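Asks: Sequence:
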Amino acid sequence: MVFNKTGRRLKASFGLKYGVDFIKSARCYCYLGITFNLSGSMNQAQNELRLKGLKAYFALKRSIDIWSLETKSLFRLFDSLIAPVFTYGCPVWFYEINFVKLLTTNTLHKDPRASMTKIATDQSEQIHLKFLIWTMGLSNKAANLVCWGDTGRAPIAIQTIKQALDYLQ
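Just so we're aligned: the sequence shown equals residues 233 to 401 in the working numbering.
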């Protein structure tokens with residue numbers, strides 16, 4: 233796939249050929265479950281992974297009774313059944329999550345509250361926060377910092393970065 237910053241498709245007259253056949257231009261291409269966009273943006277891939285993660289989250293939510301399990305067991309279920317779904321392929325797309333953007337621009341420490349609010353807007357973190365709110369039995373309007381703090385869990389972006397760095401080594 234040839235990436236093009238403008239997002240416009242390349243014409244067949246561009247000269248991409250395989251043997252005698254011209255290679256058609258496409259807006260996106262799915263390879264091993266990750267959707268690559270013509271512009272190089274990974275937003276579409278992250279959105280599709282988020283939808284698959286939500287599907288796994290609702291399947292888990294439908295099949296268990298949270299009051300009969302300990303919180304630690306619920307977190308273990310989340311980490312083994314739901315998190316791998318929406319963090320799939322993170323070495324490819326992790327540079328687009330807000331946590332990495334804040335780290336690379338060196339703005340994470342300047343306003344921690346605003347930074348945490350921005351981290352919570354990531355698509356993968358929204359599933360994590362939904363799960364934490366459901367586990368603790370809170371209202372949907374509960375503060376994100378309360379959810380992370382009371383459960384002792386860190387944003388899922390930290391796990392994603394660790395997974396990506398382990399892959400790159």
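Check each hint, because a few of them may be wrong.
Said to hold, decoys possible - Label pairs and their in silico Cβ distance ranges: (1) P344 - C262: 32 to 40 Å; (2) A374 - I255: 49 to 57 Å; (3) D297 - E328: 15 to 23 Å.
Calculated from the structure, these hints are not laboratory results. Owing to the predicted nature of the structure, the values given are computational and were not obtained by experimental measurement. The beta-carbon is built from N, C-alpha and C at its ideal position, and this holds for glycine as well.
Asks: State for each hint whether it applies.
Replies: To see whether the hints hold, each was checked on the structure:
1. At about 38 Å, the CB distance of P344 to C262 agrees with the hint of 32 to 40 Å.
2. Distance hint check: the CB atoms of A374 and I255 are about 50 Å apart, consistent with the given range 49 to 57 Å.
3. Here the CB-CB span from D297 to E328 is close to 37 Å, at odds with the stated 15 to 23 Å.
Of the numbered hints listed earlier, the single one contradicted by the structure is hint 3.
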